[in-house]
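**Student:** Here is how the chains run, residue by residue.
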Amino acid sequence: MRRVAAALLSLAAFLVAWKLITLLGGYPEFILPAPEVVAERAVRAIASGVLWEHAGVTLLEIVLGFALGAGAAVLTGIALGKSVLVERVLSPYIVAAQAVPILALAPLLDIWFGGGLLARVVICALIVFFPIAIATMVGIRSADPLLDEMLRSLGAGPAQRTRLLEIPSALPVIFGGLRVGVTLAVIGAVVAEWAGASTGLGVLINIANQGLFDTPLMFVALAALAVIGLAFYGLVVAVERRLVSR
Amino acid sequence: MDGTTGGAGLDARLDGVGVHFGEPDAGLQAIDGLTLDIPAGSFTVIIGPNGCGKSTLLRLLAGLLAPSTGSVTVGGREPRAGDGRVALAFQQPRLVPWRTTLANVALPLELDGVPPMERHDRAVVALERVGLAGAAGLRPRELSGGMAQRAALARALITDPPVLLLDEPFSALDALTRETFDAELQRLWMEQPRTVVLVTHSVVEAVALADRVVVMTPRPGRVARVVEVDLDRPRPPELLGHPRAAELAAEVRAGLASGRALELRPWAEGEGAA
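Chains A and B, in that order, give the protein sequences. Heads up, this note's numbering is the position in the first sequence plus 27, with the first residue counted as 1. Heads up, this note's numbering is the position in the second sequence plus 1, with the first residue counted as 1.
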């Protein structure tokens with residue numbers, strides 16, 4: 028109850044500050060629309076179905092991109108954490124791929140993967156991959172060597188030790204990576220849409236901003252992205268609370 | 002397990018064992034030329050100064066470590082971790098923090114693929130045997146040091162191993178608790194005899210528990226002396242005031258001192274001495 032009240036209070040304060048800035052600054056609507064203008068535009072966008080059309084596509088990209096990226100990252104992170112050799116061989120490529128701006132790569136990836144949903148999912152997955160893979164590697168290595176020896180003395184093999192010790196030890200750290208990754212998934216979806224798509228919230232932002240000069244609609248799309256990001260983040264935290272009991 | 006003995010444990014042998022860590026020319030010679038016979042069903046206590054390779058010796062017997070030279074056998078075979086013949090309890094309880102006490106104790110059965118119901122029932126019995134029936138649902142962080150060590154002992158005993166290895170399991174406990182533990186360990190062993198090898202720093206503990214005390218030299222570890230303890234069992238704490246007990250303790254201390262004398266000699270001369 029208190030958590031909800033705090034969240035509502037903070038939202039109210041944010042809206043009041045926003046309104047005050049527009050009042051005091053007297054900005055034209057295409058620079059900074061007032062909150063009620065954006066709200067009214069949102070109602071229209073929802074009523075006409077425009078928002079759902081774009082948001083649905085972006086949601087799908089985020090869910091698939093995050094699932095693919097996080098799944099691959101956890102598996103890679105386990106391999107990196109368990110084997111120094113694997114880390115030596117793979118990590119230069121992983122770090123280099125992370126250092127290359129995804130914005131520059133996205134148009135190329137879009138062509139490679141056929142320009143459809145698959146291409147956007149791959150771009151999203153790539154951006155999600157790095158923090159989760161690194162977090163998993165660090166987490167796997169954080170397993171207590173004394174417990175590892177105890178398990179070995181009981182005859183536990185590498186797979187059993189990973190399941191019974193390393194993954195549970197790594198979970199808090201992995202979830203740290205997942206929290207970062209899930210917000211990056213939202214960015215990844217938008218970047219992927221900018222590289223070539225006809226629907227999605229990223230596309231809607233471009234249309235509103237550069238095509239229609241409809242700044243309130245752009246704010247609606249941004250707000251929708253923020254809400255999606257918050258919702259997925261909350262979901263990750265909720266799963267974390269269930270799985271990590273410490 | 003197999004027909005090597007009549008059910009009261011397995012014998013263990015170390016023959017000319019050397020353990021070297023690190024590079025062949027550098028590194029550390031932890032154990033050198035160690036030969037030791039541990040009879041089936043005996044209670045053997047290993048005592049020696051820090052770093053003399055006592056824990057290494059237990060790791061050899063547990064199959065966690067292979068000797069660099071010489072041979073180690075348990076019941077006539079090379080030990081292999083998880084073969085069900087040997088259980089090792091460590092100096093620290095080493096309980097898995099996110100598991101309940103019961104689930105920790107049942108862990109060896111889980112690794113052996115025992116079905117959940119049987120696992121549960123056997124873990125309950127194992128906890129009762131060490132006086133921890135009430136702690137089944139608690140997490141390790143909710144246990145006192147003594148309770149955690151009892152749970153670790155229950156975990157080691159749950160598979161009913163022919164050989165039980167104990168690496169200073171009570172060293173972190175206060176003296177009074179430790180005395181109680183020693184008495185209980187003796188009771189458990191008398192109820193259900195098996196081969197026990199206990200590592201300790203305490204001369205009193207050694208005399209209180211052992212059939213034979215094996216005194217080791219400083220690194221590189223080898224056997225300095227074996228003291229047969231011919232006191233009747235059970236041995237209550239008062240018995241340790243008995244003249245014979247004092248005599249035996251003095252003998253163990255003398256063994257430790259002679260080991261130290263050996264250490265003072267140049268390495269070249271010490272080579273080959275036993």
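To be clear, the hints were calculated from the coordinates, so they are not data collected in a lab. Hints are supplied without guarantee of correctness; some may be wrong.
[Said to hold, decoys possible] Sample of chain B residues at the chain A side, in silico, Cβ under 10 Å:
| no. | residue |
| --- | --- |
| 1 | Arg60 |
| 2 | Ala63 |
| 3 | Ala67 |
| 4 | Ala82 |
| 5 | Leu96 |
| 6 | Arg100 |
| 7 | Leu103 |
| 8 | Thr160 |
| 9 | Asp161 |
[What the hints assert, rightly or not] Estimated spans, in silico, between C-beta atoms of each pair:
| no. | chain 1 | residue 1 | chain 2 | residue 2 | range |
| --- | --- | --- | --- | --- | --- |
| 10 | B | Thr70 | A | Glu114 | 32 to 38 Å |
| 11 | A | Gln125 | B | Leu177 | 53 to 59 Å |
| 12 | B | Met118 | A | Gly76 | 32 to 38 Å |
| 13 | A | Tyr120 | B | Met118 | 55 to 61 Å |
| 14 | B | Glu24 | A | Leu173 | 21 to 27 Å |
| 15 | A | Arg30 | B | Leu177 | 37 to 43 Å |
| 16 | B | Leu232 | A | Glu114 | 55 to 61 Å |
| 17 | B | Glu24 | A | Glu114 | 21 to 27 Å |
| 18 | A | Pro119 | B | Pro194 | 57 to 63 Å |
| 19 | A | Val43 | B | Glu143 | 33 to 39 Å |
| 20 | A | Arg115 | B | Arg81 | 28 to 34 Å |
| 21 | B | Ala184 | A | Arg30 | 30 to 36 Å |
Note that beta-carbon positions come from the ideal geometry of N, C-alpha and C, so glycine has one too.
**Student:** Is the interface hint for Asp161 of chain B satisfied, with its Cβ closer than 10 Å to some Cβ of chain A?
**Tutor:** 14 Å, violated
**Student:** Assuming the hint says 37 to 43 Å, is it satisfied by the Cβ distance from Arg30 of chain A to Leu177 of chain B or not?
**Tutor:** Once the Cβ atoms are compared, 48 Å apart, the range 37 to 43 Å for Leu177 of chain B and Arg30 of chain A is violated.
**Student:** Could you check the hint for me, namely that Arg115 of chain A and Arg81 of chain B are 28 to 34 Å apart, CB to CB?
**Tutor:** Holds: the Cβ-Cβ distance is about 31 Å, inside 28 to 34 Å.
**Student:** The hint says 55 to 61 Å between Leu232 of chain B and Glu114 of chain A; measuring C-beta to C-beta, is that right?
**Tutor:** 56 Å, holds
**Student:** Let's test the interface hint: is any C-beta of chain A closer than 10 Å to that of Arg100 of chain B?
**Tutor:** With a minimum Cβ separation of about 9 Å from chain A (threshold 10 Å), the hint on Arg100 of chain B holds.
**Student:** Just to be careful: measuring from the Cβ of Leu103 of chain B to every Cβ in chain A, is the smallest value less than 10 Å?
**Tutor:** 15 Å, violated
**Student:** Tell me if Ala82 of chain B is really an interface residue toward chain A, meaning its C-beta lies closer than 10 Å to one of theirs.
**Tutor:** Since the shortest Cβ distance to chain A is 5 Å, the answer is holds.
**Student:** Using the beta carbons of Gln125 of chain A and Leu177 of chain B, state whether their distance is inside 53 to 59 Å or not.
**Tutor:** 58 Å, holds
**Student:** Let me know if the C-beta of Ala63 of chain B comes in closer than 10 Å to any C-beta of chain A, holds or violated.
**Tutor:** 5 Å, holds
**Student:** Is 30 to 36 Å respected by the C-beta to C-beta distance linking Ala184 of chain B and Arg30 of chain A?
**Tutor:** 53 Å, violated
**Student:** Starting from the range 21 to 27 Å, see whether the pair Glu24 of chain B and Leu173 of chain A falls in it by beta-carbon distance.
**Tutor:** Given about 26 Å between the Cβ atoms, the range holds.
**Student:** Could one say that the CB atoms of Tyr120 of chain A and Met118 of chain B fall in the range 55 to 61 Å?
**Tutor:** 48 Å, violated
Going down the numbered hints, you'll see the structure goes against 3, 7, 9, 12, 13, 15, 19, 21, while the others check out.
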